[in-house]
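Could you build all of it, start to finish, from the sequences and the hints given here?
Everything in the sequence shown is counted per our numbering, starting at 3 for the first residue and increasing by one.
One or more of the hints may lead you astray.
No more than 16 Å apart at the CA atoms, straight line, and that leaves these computed lysine to aspartate or glutamate pairs for EDC-like [to be verified]:
(1) Lys641 x Asp624
(2) Lys750 x Asp597
(3) Lys717 x Asp699
(4) Lys376 x Asp357
(5) Lys430 x Glu446
(6) Lys567 x Asp555
(7) Lys649 x Asp555
(8) Lys641 x Asp555
(9) Lys46 x Glu153
Bear in mind the hints are in silico, worked out from the structure with no lab data behind them.
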Amino acid sequence: MMKILNIAFMILLFFYYNYGQSVSFQTYMNPVIPGDHPDATLTKIGNDYYTTGSSFNITPRIYHSTDLVHWEVIAQPVKASWSLYGDEPAGGIWGGHMVYFNDSYWHFFGRGSSMYYVKANDPEGPWSNPVSLSVPAGIPGLGRDNSIFIENDSTWYLLAKNGQSGNWIVELGDNGQPTGDYLDLTWINPAPDYPYSWAEGPVMWKHDGYYYYSFARNVGGGQYLMRGLELNESRDYWWAITDFFENVSNVNEIDFRTPNHCSPAVQLEDGTSWIFSQSYSLRNNSEWHGQGRQGLLHQVHYDTDGNVLADFTSNDAVNAPNLPSSGIPWMVPHSDYFNSDILHPEWSFSGYTPDHTHSITERPGWLRLSPRGKANTVVKHEAEHNYSLITRLDFNPESPNDQAGFWLFNGLETLYAKLNSTVNDSGKSVISFSFTDGDYYEAENSIGDTLWLKFYRDNHMLSAYFGSDGHNWSKIGEDIDVSAMDKNQPNYNGWIGTQLGLYVQGKSADFDFFIYRDAYSPIKAQPAANQFGTLRSVSGIAPAFLDSIDNNDWALYAGVEFGGKDYYIKPDSLEISASCASSGGIVEVWLDSIDTGQKIAECPITNTGSLDNFMTFKTAVDSASGMHDVYLRFLGSGKLFVIDWFKFIGTSYSPPVGIKEEDNFRIQNFTLYQNYPNPFNPVTVISWQLAVSSYVDLSIYNILGQKICTLVSEKQNADKHKIEWNASSAPSGVYIYKLRAGSFEQTKKMILLH
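As structure tokens, then:
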């Protein structure tokens with residue numbers, strides 16, 4: 003037995019050293035921060051990466067990553083309750099750059115015509131109150147789309163932009179204030195011709211002895227760069243200004259074809275360099291322009307003479323940075339059960355919002371929103387074209403002005419869709435579904451104060467539902483076409499894209515949870531959040547199917563919620579709508595990553611007669627709960643099939659009496675779950691469930707089959723269990739963890755990456 007086990011371990015070792023991490027993380031497709039990420043900056047601190055930028059009327063966020071592709075929101079450096087925050091579209095915070103200097107984290111940003119900074123001892127905060135920067139004599143102001151450059155000798159500078167012809171490199175002191183010394187670079191964009199439009203969003207970095215100074219033309223596109231061997235304000239010390247992005251012949255065919263407002267470049271341990279940029283989606287008559295400027299990742303290439311070009315955006319998958327993902331999921335809005343002591347920083351408020359207008363401690367497990375003079379709204383960026391929002395609401399409206407529910411609105415806050423509990427003009431309690439001042443539907447609220455609401459988005463079509471239990475839904479009216487909110491709009495949509503979230507007006511309301519993508523509603527196969535090999539389409543015009551599917555291609559659908567806590571439902575089976583004109587193939591369903599994650603289903607797809615004839619295929623699904631990134635991997639030969647949508651079929655249940663809500667399911671079988679995160683550094687969590695009381699042995703083995711440690715060796719009750727493994731003293735590599743419980747035995751692999 004041990005010989006067989008050692009052979010298996012050697013096979014795993016061969017796989018790891020020849021193929022590295024899961025194929026899920028070897029490539030990526032832009033945008034990696036979808037929804038909106040204007041005026042992006044980028045900072046490398048140790049093995050961690052941070053990006054911030056303009057937020058405008060939405061509370062600013064700090065994003066964190068370990069691989070530059072998967073991002074999580076970890077903090078809000080400026081509170082919506084700051085007295086100077088503002089409360090108008092395109093207001094709020096301009097720019098934003100977090101850096102590490104003198105043992106502190108600093109976040110510089112613009113508000114109005116002034117620059118400010120906040121400080122913290124940790125990127126997650128708490129952050130100090132904003133401090134205004136003084137303006138050196140001789141400069142009309144510091145502007146707002148600015149960034150920070152830190153020299154090798156720890157001198158640091160603010161790259162300031164104020165006015166169409168103004169560019170300055172302003173030296174900062176240890177206290178974050180300008181010292182009074184600066185370099186005048188107003189020759190970059192002189193009046194009256196302004197050859198580079200606004201020459202805005204300046205950033206700078208250093209590579210192999212050269213200083214690289216880069217700036218954007220304007221919000222519509224164009225990025226330029228110059229380099230020099232020393233910091234000097236004379237143009238004689240700088241090489242000529244050139245285009246930063248490579249020229250491509252098929253630019254009009256590319257979805258995000260105006261990358262600009264780039265971040266400074268960061269260099270990885272393998273010598274590669276990377277930047278962030280922004281771009282609207284401009285194909286298909288700007289059909290998704292309304293979703294704002296997307297966050298794009300590009301590799302940067304230097305030649306031996308110091309010349310530099312950044313990769314232009316591609317419609318296809320490109321190689322990802324050689325970095326560990328550390329279990330961070332794809333950046334989309336995520337479900338929230340409001341079970342922490344503070345509101346997750348992924349939520350933003352729309353404009354100035356006093357602290358007393360929201361709480362998740364007054365009623366534990368619920369978010370309480372209270373009026374603030376006008377609608378009080380917590381939002382997340384609308385990242386995708388297909389999702390289903392679900393919440394449970396406790397609200398007692400008494401007049402038509404009293405409203406609580408879901409709200410989607412554009413950056414200018416002039417177009418919006420609502421699903422809410424309210425009272426109509428006749429004094430009846432209703433659930434209403436509307437779009438701006440046009441389409442309006444309502445249904446009588448016969449349920450009471452506590453009810454469930456569901457918003458379903460299928461490209462440009464929006465539908466609304468309500469119910470009493472989260473399992474049985476009643477539709478409200480007809481589908482509403484909201485394409486006016488998605489397409490090209492004036493003033494670049496107020497600089498940000500569409501927002502989705504929860505709101506109240508008139509009276510306070512309590513929300514039990516927020517679900518972004520319900521597993522039990524149809525998930526459109528195209529567009530995927532990330533994919534490899536399959537055909538990409540950003541069109542919202544039906545049909546938009548997942549096509550060009552061949553062997554080992556895959557597609558990712560992010561933030562899928564399977565249930566748990568207050569949403570008592572579990573998957574029983576999977577349905578896939580597909581057409582096939584060949585012998586077909588297999589759809590594998592993986593959670594969180596391919597090969598290193600948990601495979602929960604395999605669904606055969608067979609010939610349907612033609613690619614125009616779609617049929618529904620069904621298969622059983624292993625147990626799953628909580629929120630996961632769902633990967634579909636396709637196996638077979640030749641062109642396999644075309645997929646329209648898929649969804650999970652759920653079985654509802656009541657929480658067991660005497661068992662905590664977070665236990666989710668009645669234990670019906672033995673299961674060893676995939677550790678999370680995976681890959682990890684250095685702590686991971688291993689979970690399992692026992693159908694009956696059993697003696698449990700949970701041990702860790704290295705790739706040679708040698709036991710590293712035993713985590714559990716005791717009798718345990720029938721229940722769900724979990725334990726942390728801190729591998730700080732173990733070397734990087736593949737490890738096996740094995741669970742023995744009575745006659746049950748199961749092993750899984752995990753990857754430690756220091």
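How the hints compare with the structure:
| no. | hint | result |
| --- | --- | --- |
| 1 | Lys641 x Asp624 | 28 Å, violated |
| 2 | Lys750 x Asp597 | 10 Å, holds |
| 3 | Lys717 x Asp699 | 9 Å, holds |
| 4 | Lys376 x Asp357 | 15 Å, holds |
| 5 | Lys430 x Glu446 | 7 Å, holds |
| 6 | Lys567 x Asp555 | 34 Å, violated |
| 7 | Lys649 x Asp555 | 20 Å, violated |
| 8 | Lys641 x Asp555 | 11 Å, holds |
| 9 | Lys46 x Glu153 | 14 Å, holds |
The structure shown violates the earlier hints numbered 1, 6 and 7.
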